[in-house]
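S.K.: Chain by chain, the residues run as shown.
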Amino acid sequence: MRIRRLSEGTVNRIAAGEVIERPASVVKELVENAVDAGAKSIDVTVLAGGRSLIQVVDDGHGMTADDLRIAVERHATSKLTDDDLVRIDTLGFRGEALPSIGAISRLTITSRWQGDDEAHEIRIEGGRQSHVRPAARVTGTSIDVRDLFHAVPARLKFLKSERAEMIEVASIMRRLSMAYPAIAFTLTGDGRRILDLPINSAQGRLADVMGKEFMDNAVPVDHRRDTIRLEGHAGLPTFSRGQTNMQFVFVNGRPVRDKQLTGAIRGAYADFLMRGRHPAAALFLTCPPDGVDVNVHPTKAEVRFRNAQHVRGLVVSGLRAALAVAGHRASSTVGRDTVDAFRRHRPMRPVFAERAAGYAMQAPTPSGFAEPAAEFAGGDGISADVQTTDETATTEDHFDKPLGAARTQFHENYILAQTRDGIVIVDQHAAHERLVYERMKEARARDSIATQPLLVPEVIELDPVSVERLAAAAEDLATSGLVLEAFGPASIVVREVPALIAGIEIADLVKNLADELESVGQATSLDERMDHVLATMACYGSVRSGRRLKPDEMNQLLRDMEATPHSGQCNHGRPTYVELKLSDIERLFGRK
Amino acid sequence: MRVTIERAALLKALNHVQSVVERRNTIPILSNVLLQASAGAIKLTATDLDLEIIESVPADVAQDGATTVPAHMMYDIVRKLPDGSQLEIEQGPDEGRLAIFTGRSRFSLQALPPEDFPDLASGDLSHQFVMPAAQLKLLIDRTRFAISTEETRYYLNGIYLHDVTSDDEKILRAVATDGHRLAQAQLPCPDGAAGMPGIIVPRKTVLELIKLLEDVEEDVEVGLSASKIRFTLSQLVLTSKLIDGTFPDYERVIPQGNDKNMQVDTRLFAQAVDRVSTISSEKGRAVKLNISGERMVLSVNNPDSGSAEEEISVSFDGEPIDIGFNSRYLLDIAGQFKNDEATFLLADPGSPTIIRDAEDSSTLYVLMPMRV
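For the record, the sequence lines run as chains X and U. My numbering applies: residue 1 is where the first sequence begins, and numbers increase by one. My numbering applies: residue 1 is where the second sequence begins, and numbers increase by one.
It is possible that part of the hints are untrue.
Taking beta-carbon pairs under 8 Å as the criterion, some of the chain X residues facing chain U (in silico) [stated by the list, open to error]:
hint, residue
1, E118
2, R446
3, D447
4, P453
5, E496
6, A499
Hints were generated in silico from the structure; no laboratory data involved. Remember, predicted model here, so these are calculated numbers, not experimental data. Cβ atoms here follow ideal geometry from the backbone N, Cα and C, with glycine treated the same way.
Sequences are here, hints too, so could you generate the full structure?
M.R.: Structure follows, in structure tokens:
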């Protein structure tokens, strides 16, 4: 076989293979173009999951007849003014999308340049373009992509069901729309309106896309370091998910799925979530265009930062700071779930309901709970559960606190507290464990780390790449108490270990560290291991369930929780308290 | 099989062998003890495939035979029987059962065929020697606290037993280390042990052996090869596989140039360490020693709870030094000393320190300081 130059058509089809993986990729490219064209409203119509038609209509600045002709050529773009690829401030820049799409479908572009008095149209079928013809259209661009992949039957076979492709299209649009609240988006699939996102505030758009529940259970993030800024909303740890599908990260308005950034998010939440739970978050990272290289991935899902450690540090500290502000807040869904659980049980278990009714008749109506909140303000609605009478004076002060005044303890583990507008149930063991843990961590950060140098240094054999990575990270590790150095090309010698974890299997730890350095670029498991030891000690060092607490002790615990960051969840990510609003309780009894 | 035996004798032997048997086994017969009756004695065998104990007890054997029954259950039964009872152990025509009668109690235990019981003891032993139980006990007792439990460095999970020649004298030496500290004990080499291979005796074997040696006064026969070791104590034989690995070159970590010599009263020192470390938290356990001239100040500082200080008098010939140790390690070592005075040989706060019993040249401990 002689070497020959590939034809333009083949080149485009190969490029299409990279850029256009499925209908959703077409939508992504075209919507990004519309965004770059300064559109205020973008309407997408999809038929048969994108196989028969994808139509994107925008009201951006449009294109002239000459633009049209050149736009469909390979490597033609209006967006890149700087040939060094250093300052990229548009979503697209590669000049690949239109010719790639044209190579594998029947593409029609109709556009009218702002200020022109007529529109033009160009068609491409299987890579062959027609002449530019006059057409009718207001300012903006419409693009029709019909019979996608008809030119590459192989790809057609790999498409999923229409429904699955449709879902993917919708999720790509959702993601893009989060970054551009000032643009209205609609998506119509087979005649049905799937998305309708009017122009909104940034927050309003987040609520539209991620749901109100997310916004209710998220804390705003706004953190700036030098020229980089992190904004957005981070979900509370108790509002965690089993998957990462509620994590959205944007770099300069570009949705990315970057391992380093997701690793940073994981790191920021490491203390609050069990393994296998993932936080929900929508984060927008803004940095100067020359600080980030977006030209590393054909669909730009990954980016590379000039100073990756710096960015990681920013994300971690930004999130931690935001979560610390949230302090003891636990997710509101916890309370709602509780109410729902009550309600679900009733129709299903009539016996239980009857019995409950029996109790209700016997028990004297507790006036405090029966009457609306106004009564509490007066103070005489307070039930008599607090054992000591001289309590009442101070109880008033406790009332105004977020977690309220402790009323009683039941089942020797749960504290019932009353607030102005509801009740709070606290798991005393989980809550106190978290308090002790936070205190220990604070002490660990404050004190210098004691290390145990090894009498017989441990030599661990590893692959040369890992050795190099570990050796490069040696200085960081040493600050956490692990002293190691390269020992020949394929082994590491460990000379000192943190005294806190002196008895552990060092080889396992070092191997984990090497893996982490590879996958997330940062070794976290050393600190995690130490935190784990602290967490275990905290568990033993805290008030167990079954211990009777006096009213003063209970109130003190509530006040400590309010003052301690991250006290809304225990070390395993479970909530430490549940709040029931009076309105929820009234709903339970059918009063509202 | 039909045997009559006194409870106390059987209980003692069962107690010895049952402790080898693991609580949970994937191979059912490993939960069992092998009973073999012949020639006026009953022989009990138990194993975990690495370690085997065989003990013979005199008994009135009416009919020879062999079977296996669950070891822990049999032990519990015999233990609960009244003192002084005579047990009749009988295997009826049904081979799947073993019956035990005494007084008004009768038990019938599920048995497994004796042929299936694994045999560990075969194999040649290249070196044989005899040493007093007290000496063997000393070698083990002085070193076993330093055995590592770290699974990745499995070759540290035992006591390294080997012979060395020092000043033309043949010596049998035991060494154990967990990477933080090292313990060494030695004795003149018994006849027959010279030229033995260096072997690593596993932790479990060491612990079993120590239990068995508790009330033994007479000599112990030791036989070993590169893969096995066997201890014979009158009626009892313990055979164990060895750890297949290379013990690190421990002599390199024993410092030779430590020239600062400190003498301290062992008991006072241990008590002081124990007292001041009350303050230290679970996580650190560091105790700082400030040694200068005639005095040593032990101090512990724990930001969570406070600090402690105690002064004791020592004799020290070097420049003042500040050095930190894990208090538990210090107590472990001090606990080994039988005499009044301990000797510390120090170099600097970052280097290994040698600690010895001042009047006992057979043992030596090396401890790595902490950085605090």
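S.K.: Now look at each hint and say whether the structure bears it out.
M.R.: So, going through the hints one by one against the coordinates:
1. E118: violated (77 Å)
2. R446: Hint on R446(X): holds, closest Cβ of chain U at ~7 Å, below 8 Å.
3. D447: D447(X) check passes; min Cβ-Cβ to chain U is 6 Å, inside 8 Å.
4. P453: OK, holds: P453(X) within 8 Å of chain U, min 5 Å.
5. E496: holds (7 Å)
6. A499: Hint on A499(X): holds, closest Cβ of chain U at ~6 Å, below 8 Å.
When held up to the earlier numbered hints, the structure conflicts with hint 1 and nothing else.
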